[in-house]
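Visitor: Here are the chains, one letter per residue:
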Amino acid sequence: MKRSYKIEVDCANCANKMEAAAKKTPGVKDAVVNFMLLKMNVEFEDGQNPKEVMQEVLKNCKKVEADCEIFL
Amino acid sequence: MTKKQKIMLVRILIAALLLVGLNFVPAEGWLRFVLYLIPYLVIGYDILLKAFKGIRNGQVFDECFLMAVATIGAIALALYERSGDYTEAIAVMLFYQIGEWFQSYAVGKSRRNISELMDIRPDYANIEKDGKLEKVDPYDVEIGSTIVVQPGEKVPLDGIIVEGTSTLNTSALTGESLPKDAEAGDEIISGCINMTGVLKVRTTKEFGESTVSKILDLVENASSRKSRSEDFISRFARVYTPGVCYAALALAFLPPLVRMLFMGLPADWGTWIYRALTFLVISCPCALVISIPLSFFAGIGGAGNAGVLVKGSNYLETLSRTKTVVFDKTGTLTKGVFEVNAIHHNSMEEEKLLEYAALAESASSHPISRSLQNAYGKAIDRSRVENIQEISGNGVTARVDGVEVAAGNDKLMERLGIPYQNCHLAGTIIHMAIDGAYAGHIVISDIVKPHAREAVQTLKKAGVTKTVMLTGDAAKVADKVAAELGIDMVYSELLPADKVKKVEELLKEKPEKSALAFVGDGINDAPVLGRADIGIAMGAMGSDAAIEAADVVLMDDDPMKIAKAIRISRKCLRIVYQNIVFAIGIKLICLLLGAVGIANMWLAIFADVGVMILAVLNAIRALFIKKL
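Listed in order, the protein sequences are those of chains A and B.
First residue of the first sequence: 1, per UniProt numbering; consecutive thereafter.
First residue of the second sequence: 1, per UniProt numbering; consecutive thereafter.
I should point out that these hints are in silico values taken from the structure, not numbers from a laboratory.
Each hint should be verified, as a subset may be incorrect.
[As the list claims (entries may be wrong)] Below, computed lysine-lysine pairings styled on DSBU-like, alpha-carbon distance capped at 30 Å:
{"id": "1", "chain 1": "B", "residue 1": "K6", "chain 2": "A", "residue 2": "K63"}
{"id": "2", "chain 1": "B", "residue 1": "K510", "chain 2": "A", "residue 2": "K39"}
{"id": "3", "chain 1": "B", "residue 1": "K513", "chain 2": "B", "residue 2": "K476"}
{"id": "4", "chain 1": "A", "residue 1": "K6", "chain 2": "A", "residue 2": "K24"}
{"id": "5", "chain 1": "A", "residue 1": "K6", "chain 2": "B", "residue 2": "K205"}
{"id": "6", "chain 1": "A", "residue 1": "K39", "chain 2": "B", "residue 2": "K205"}
{"id": "7", "chain 1": "B", "residue 1": "K226", "chain 2": "A", "residue 2": "K29"}
{"id": "8", "chain 1": "A", "residue 1": "K6", "chain 2": "B", "residue 2": "K135"}
{"id": "9", "chain 1": "A", "residue 1": "K62", "chain 2": "B", "residue 2": "K226"}
{"id": "10", "chain 1": "B", "residue 1": "K226", "chain 2": "A", "residue 2": "K39"}
{"id": "11", "chain 1": "A", "residue 1": "K59", "chain 2": "B", "residue 2": "K4"}
{"id": "12", "chain 1": "A", "residue 1": "K24", "chain 2": "B", "residue 2": "K226"}
{"id": "13", "chain 1": "B", "residue 1": "K626", "chain 2": "A", "residue 2": "K62"}
{"id": "14", "chain 1": "A", "residue 1": "K6", "chain 2": "B", "residue 2": "K226"}
{"id": "15", "chain 1": "B", "residue 1": "K476", "chain 2": "A", "residue 2": "K62"}
{"id": "16", "chain 1": "B", "residue 1": "K6", "chain 2": "A", "residue 2": "K59"}
{"id": "17", "chain 1": "A", "residue 1": "K23", "chain 2": "B", "residue 2": "K4"}
{"id": "18", "chain 1": "B", "residue 1": "K3", "chain 2": "A", "residue 2": "K63"}
{"id": "19", "chain 1": "A", "residue 1": "K51", "chain 2": "B", "residue 2": "K226"}
{"id": "20", "chain 1": "B", "residue 1": "K3", "chain 2": "A", "residue 2": "K59"}
{"id": "21", "chain 1": "B", "residue 1": "K323", "chain 2": "B", "residue 2": "K53"}
{"id": "22", "chain 1": "B", "residue 1": "K6", "chain 2": "A", "residue 2": "K6"}
{"id": "23", "chain 1": "A", "residue 1": "K29", "chain 2": "B", "residue 2": "K53"}
{"id": "24", "chain 1": "B", "residue 1": "K53", "chain 2": "A", "residue 2": "K39"}
{"id": "25", "chain 1": "A", "residue 1": "K59", "chain 2": "B", "residue 2": "K53"}
{"id": "26", "chain 1": "B", "residue 1": "K109", "chain 2": "A", "residue 2": "K62"}
{"id": "27", "chain 1": "B", "residue 1": "K53", "chain 2": "A", "residue 2": "K63"}
{"id": "28", "chain 1": "B", "residue 1": "K226", "chain 2": "A", "residue 2": "K2"}
{"id": "29", "chain 1": "B", "residue 1": "K501", "chain 2": "A", "residue 2": "K59"}
{"id": "30", "chain 1": "A", "residue 1": "K39", "chain 2": "B", "residue 2": "K501"}
Please work from the sequences and hints to get the whole structure.
Guide: Encoded structure:
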């Protein structure tokens with residue numbers, strides 16, 4: 001399953017870090033952050049609840065880039 | 001400007017004013033330190049906070065950390081050496097923040113620019129209810145509903161016009177500025193702007209499936225497909241920042257230790273730590289990380305505005321390496337519409353002959369018959385025709401206005417025993433016989449598109465070395481078209497499967513590192529479009545198949561756009577390489593100068609912020625493609 005989320009982040013490098021953090025989150029198959037469009041496309045593994053997984057993704061992203069936001 | 005940007009701008013101004021003002025305050029010692037701490041904290045408190053959070057979360061090597069260490073280090077050094085020179089540390093922080101602010105502003109601006117270029121999303125659809133127009137969300141309109149499009153409004157959904165005539169502005173979709181006429185019965189595509197009359201449209205697609213949604217989806221997701229340059233840069237940044245940090249650490253400790261232990265010289269800690277701090281300032285990878293995706297994003301946005309949709313940065317990259325262009329003939333270089341080209345050996349007026357032919361063929365819906373009827377141009381009165389006999393594979397005989405008319409190929413003439421004249425032109429020949437006597441022949445052929453020849457020439461000018469045409473058509477026709485257009489190689493009489501094979505052969509032959517592009521109309525070329533390095537579909541407005549199958553989609557069917565697409569990609573990639581070389585180059589030079597002590601922190605901050613600003617400005621150039 002794929003979902004797209006709007007994000008807010010200040011710099012391109014921070015966006016790359018968010019992408020890496022999202023990819024490492026359990027339940028996430030793949031994640032792509034598009035800094036230019038401020039969008040995060042997340043592909044979830046089968047049987048995962050996107051809402052719960054995204055909470056974890058947000059937590060992990062906050063760890064690497066305190067100033068970021070994902071609009072869930 | 002967003003609220004965040006405004007606050008930052010105020011902070012920058014306050015800090016800058018304080019810094020200038022403090023130059024005139026004759027404070028010494030601790031008082032001086034405390035006074036200078038005010039602008040430092042005003043400009044840098046968030047950086048220090050972020051750096052602290054980063055360390056707590058185990059994310060040490062980020063730019064906030066680098067800036068925090070570099071500036072705190074510089075202040076500590078000034079305290080230690082009792083020089084009282086705190087200006088440098090504050091200036092570094094100040095310029096860093098100016099750079100960040102500028103970057104955020106420039107990126108936001110180009111984000112808006114590009115979304116304006118692709119501003120085709122309709123906000124509402126008008127539905128007539130009890131004689132009143134009601135605005136509804138296009139998502140809520142069901143297939144088969146009738147919507148009303150008023151002058152000046154965007155067409156929200158694909159459909160068929162049921163009432164009204166108007167002219168449509170398709171420039172947002174195709175880049176073509178010439179308006180298009182539309183009347184009842186015509187198909188209409190979402191994203192066009194209705195200019196003159198009120199139209200009633202019966203929708204044929206849901207909003208999610210409409211052309212406008214497909215295009216927006218495509219453009220918005222384009223920059224998610226990353227190119228090799230982008231991958232290279234993000235990998236580079238991952239190694240580069242920690243690398244420079246360790247190098248700085250080594251620079252701070254190794255030389256002094258070596259001096260002390262082996263050379264018997266004083267350690268000179270201050271100098272070496274200063275040089276190491278300079279290293280840290282230079283090391284921020286932001287210029288690289290922002291400017292490369294920004295260039296691609298701007299390139300894709302600019303191309304979209306010209307009616308060229310590129311599905312991803314990677315395709316833009318491949319497109320720029322195109323040296324071989326393979327065309328499909330029908331629909332790509334030619335109109336794919338058969339037209340009456342010439343009438344020869346006619347024993348009566350051309351118009352009269354055409355009239356007989358059109359009437360005799362009036363019962364058939366074959367493209368050839370249709371082109372005869374089109375060429376005749378008047379309404380056909382079926383009552384004038386009787387006794388129509390279609391002889392499969394030969395032609396038709398019929399009685400028109402009381403005379404016997406036979407229209408067909410040479411086989412029909414032989415069958416009827418009428419001597420006929422062969423034609424020197426390539427195309428489909430319709431021989432005509434009136435009352436058993438030969439009355440001349442009509443040549444019907446596919447018409448070459450008006451810009452096709454020019455398009456092939458501009459491709460050559462754009463650096464394409466080989467042009468190839470593939471067609472299922474007869475060799476005689478194919479060779480003629482190729483010669484007319486100046487195409488290098490022709491392969492004719494191919495079945496669809498043969499086209500894939502030919503493209504595979506050509507892929508093997510092409511020079512290394514160059515790319516092969518296949519241009520088709522996207523209707524029956526899907527396998528070939530997929531097989532080529534890059535598949536370009538033309539005239540895709542309204543054709544879902546083309547949008548699905550191709551990597552690059554030309555919204556209208558003007559072949560000139562192929563060369564334009566290649567030039568846009570070349571320009572974009574040129575900017576990308578400039579930025580890579582420029583940003584990495586300047587940084588490496590400054591690192592080197594910093595290590596030997598020539599570069600001070602002022603130069604370092606230029607290497608970081610100045611390079612980034614220049615790279616961002618350069619990246620935005622990719623947006624301007626009007627003159628290409």
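Visitor: Hey, K323 (chain B) versus K53 (chain B), does the alpha-carbon distance stay inside 30 Å?
Guide: Status violated; Cα separation ~51 Å.
Visitor: Can the restraint linking K6 (chain A) and K24 (chain A) be considered satisfied, given a maximum Cα separation of 30 Å?
Guide: 19 Å, holds
Visitor: For the pair supplied as a hint, K510 (chain B) and K39 (chain A), is the alpha-carbon distance within the 30 Å limit?
Guide: 38 Å, violated
Visitor: For a C-alpha distance cap of 30 Å, please report whether K6 (chain A) and K226 (chain B) respect it.
Guide: 19 Å, holds
Visitor: Between K6 (chain B) and K59 (chain A), is the straight-line Cα distance small enough, at 30 Å or below?
Guide: 28 Å, holds
Visitor: Can the restraint linking K59 (chain A) and K53 (chain B) be considered satisfied, given a maximum Cα separation of 30 Å?
Guide: 14 Å, holds
Visitor: Quickly compare the C-alpha distance for K53 (chain B) and K39 (chain A) to 30 Å and report which way the hint goes.
Guide: 24 Å, holds
Visitor: Would you check the hint for K23 (chain A) and K4 (chain B), treating anything up to 30 Å between C-alpha atoms as holding?
Guide: Holds: K23 (chain A) and K4 (chain B) sit about 28 Å apart, inside 30 Å.
Visitor: Are K59 (chain A) and K4 (chain B) close enough, with their CA atoms no more than 30 Å apart?
Guide: 23 Å, holds
Visitor: What's the verdict on K3 (chain B) and K59 (chain A), does the C-alpha distance respect the 30 Å limit or exceed it?
Guide: 25 Å, holds
Visitor: Within a Cα-Cα threshold of 30 Å, do K513 (chain B) and K476 (chain B) meet the stated pairing?
Guide: Roughly 34 Å between the alpha carbons, so the hint for K513 (chain B) and K476 (chain B) is violated.
Visitor: Measure nothing beyond the straight line between the CA atoms of K29 (chain A) and K53 (chain B); if it is 30 Å or shorter, mark the hint as holding.
Guide: With Cα atoms ~28 Å apart, K29 (chain A) and K53 (chain B) stay inside 30 Å; holds.
Of the numbered hints listed earlier, those contradicted by the structure are 2, 3, 13, 15, 21, 29, 30.
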